[in-house]
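Residue numbers (the working numbering), protein chains in the order written: chain A, 1 to 254; chain F, 1001 to 1052; chain L, 2001 to 2224; chain H, 3001 to 3203.
Derived by calculation from the structure, the hints in this document are not laboratory data.
Since the structure is predicted, the reported quantities are computational estimates derived from the model, not experimental observations.
It cannot be assumed that every hint is accurate.
Keeping only pairs whose Cα atoms sit at most 20 Å apart, straight-line, the calculated SDA-like set for lysine to any residue is [stated by the list, open to error]: (1) Lys3006(H) / Ser2077(L); (2) Lys161(A) / Asn2092(L); (3) Lys159(A) / Phe2096(L); (4) Lys242(A) / Ser3011(H); (5) Lys1041(F) / Ser25(A); (6) Lys2160(L) / His153(A); (7) Lys1039(F) / Lys123(A); (8) Lys123(A) / Ser1020(F); (9) Lys94(A) / Ile3054(H); (10) Lys159(A) / Glu2224(L); (11) Lys27(A) / Gln3134(H); (12) Lys161(A) / Ser2077(L); (13) Lys94(A) / Lys3006(H); (14) Lys161(A) / Lys3006(H); (15) Lys1041(F) / Leu42(A); (16) Lys123(A) / Phe2080(L); (17) Lys181(A) / Ser2077(L); (18) Lys242(A) / Asn3017(H); (19) Lys1045(F) / His153(A); (20) Lys1039(F) / Phe223(A); (21) Lys242(A) / Lys1042(F).
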Amino acid sequence: MNKMWNYIKDWFIEMGSPPLFFKWSSKVLPWLIFTTIIIFALGLTWGLFYSPTDYKQGDVYRIIYIHVPSAILGQSIFMFMAVCGFITMVWRVKISGMLLKAAAPIGASFTLLALLTGSIWGKPTWGTWWVWDARLTSTLILFFIYAAIIGLHSSIDDKSKADRAISILSIVGIAIIPIIKKSVDWWQTLHQPSTFSLTSAPSMTPDMYQPLLVCVLGFYLMFALLLTMNLRAEVIVREKNKSWVSKQYLSEDK
Amino acid sequence: MIEQISAIIHMDGNGLYVWSCFLLLILIIGINIYMPIRKLKKVNKESQSKTQ
Amino acid sequence: MKSNIYNWFFLILRRDLLIASRRSSTYITPLIFFLIVISFFPIALSPDQEFLRSLAPGVIWIAALLSSLLAIETIFSEDFRDGTLDEFFISNDPSFVLVFAKVLCHWLVTGFPILIASIISSLILYLPFNSLMPMICSLILGTFFMSLLGAIGAALSLGKSAILSAIIVLPFSIPTLLMGTAAVASAIDYQDYSGFLLIMGAMLAIGIPGLCLLTVEAILLNYE
Amino acid sequence: MLPKLKVSNLSCTRAGNLLFNNLNFEVNAGQNIEIIGSNGSGKTTLLRILLGLIHIGKGDMEWLDNKDNYNQFRDMECFYQGHSLGIKNLLSAEENLRLSSFSFGVSEEKIHSSLDRVGIERHSALASELSVGQKKRISIARWLLKDFGIYFIDEPFSALDDEASNLIEEIIEELNKKGASFVITGHRPSNVVSSQINLDHEV
């Protein structure tokens, strides 16, 4: 057990230094792009075209293959950011601060996607664009917290200080989000006895459920790809006057 | 074959919603892919103008 | 005699209350702002008694949240500017207790005017008499939690504009808003409201140590 | 006498650029050290690192504790005065002294005597009514309240007339005789200082 722990620690320290991370990521990036495209396309085509039509909602339920994975991704990105924030604050690892900054816009955009697809899904099935459903409301609040994090980071000039400011905010966020979810769910039952809940998946037969899992996997891979690209850009921008950047990156002029 | 494709496009009347969601997905992922590339291009341009 | 934490805690409380009493705007502005926001609703919507009674809990709580946000950045920015805030972190006493003293003072200075204003506004909004006590209890707990959240917002945006701390704090204040409004609403239709107050008390119990520790970290960021 | 503080190969980078590199110095009882450097050369940052306000990157500090051995944590009472003097405008001169964390267990007449020593007549005048020079005198009065181990003062001689700067030099010598030591920052060496650290050439 001790040996494995050292191996992880060395890998983590190695990732801590931007040049090594950059070299490692340019090796891994092509593979990541390839697998992401394959699984993402597979999941979506399977869900959108080949899964059976739902007897109640007809074909419009296929939006679930975009809405549910992006909602799940929005929340798990925030958990990822809280873990990065904790690492930045406790062990002062520079790269995990940059990881946090790189993940924030991706999380915000997937949460926005979940909100938009949720409201588009509501139009044909319930006739209204916006439905004060418990899960949609907590996704909306999660989007506000993402906006607060991005806004705070952009308002502080010294980038390493800004990283530690948003890591504090993400730790506060992760502590309060379960409370927000529970109180919004409770609020939902108080005002509307839950005749419907948007994302309680209609009775999902297995062959509807499998494409959903593949889509979720595809979305996670897409997050990994976008995160790596964002982080590479962040590392280059922050260390552009360092020697290793011109030697390793500008010379090959990717 | 043709009949099947048009069914896919129309999805009994609700096709518009499903495809608009799909377009939103592509749009948002496109933005997320484009942002880092633009940043890297800016760094390249800066370093080129410096080296001249 | 080495500084021990208790007399330092009360020294900060005494000093801040003395300064707050000398600058009367710190406790007048939340009061006036609360009353202005409250009186907007009957004017804007409709002065009908039944309608206002159903609206009262939400309106009172939204006005309480916004007016406690008003005086947030005065917690640390003045002390940071004139250098007295550094003394907290130089001593070997736990500095999050000293930050808690400042938050407690901010709560006393802005929390109580809000309580007085909410009692006055319960008359304006025809709030029934039996829901007065739950409203006061829930406001006491709620404004305290808001001061704690405001401390984090003020510490993170110490040199920046006050709006930034409002944007940071408001999404996190939604559970307090929900529980507070529910407590007053259920008191109006004679139901048991103690559950909501217990939840707010629990949030406060977690918030005091947790948020004060994080506020210390947030303030130390500004010294680099 | 054992040195009160030993600093060995301390280095710090701020926002990417190196401020100072493996600094070694010692603070002995009764001696003063001046940190000289142009604006933005990291004088205040070094002061804050010594006080523990900023996390030490590389290097270590050892403080002398009352059992005459060295450990990493400071047990000695120290005084810090930054650019902003630590004076609250809404409090009177006397209240500023009594309600500050440096005046625990200090008797009333000690406060009044130190105020007279620095030449403040109206003790109950609000600090907002006084001039910058007089505010600086109030913050100097705080030095005399207790005998602190080390005084960390940020640019004590800036924006001062001659009369006030000789007052400061007098007080520094008086406190040095009692065994206190000073770490001050400035632009040019002052005559009360025994050794200097120059941050401009170190880089």
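- [ ] Sort out which numbered hints this structure fails and list those numbers smallest first.
- [x] 1, 2, 3, 7, 11, 13, 14, 15, 16, 17, 19
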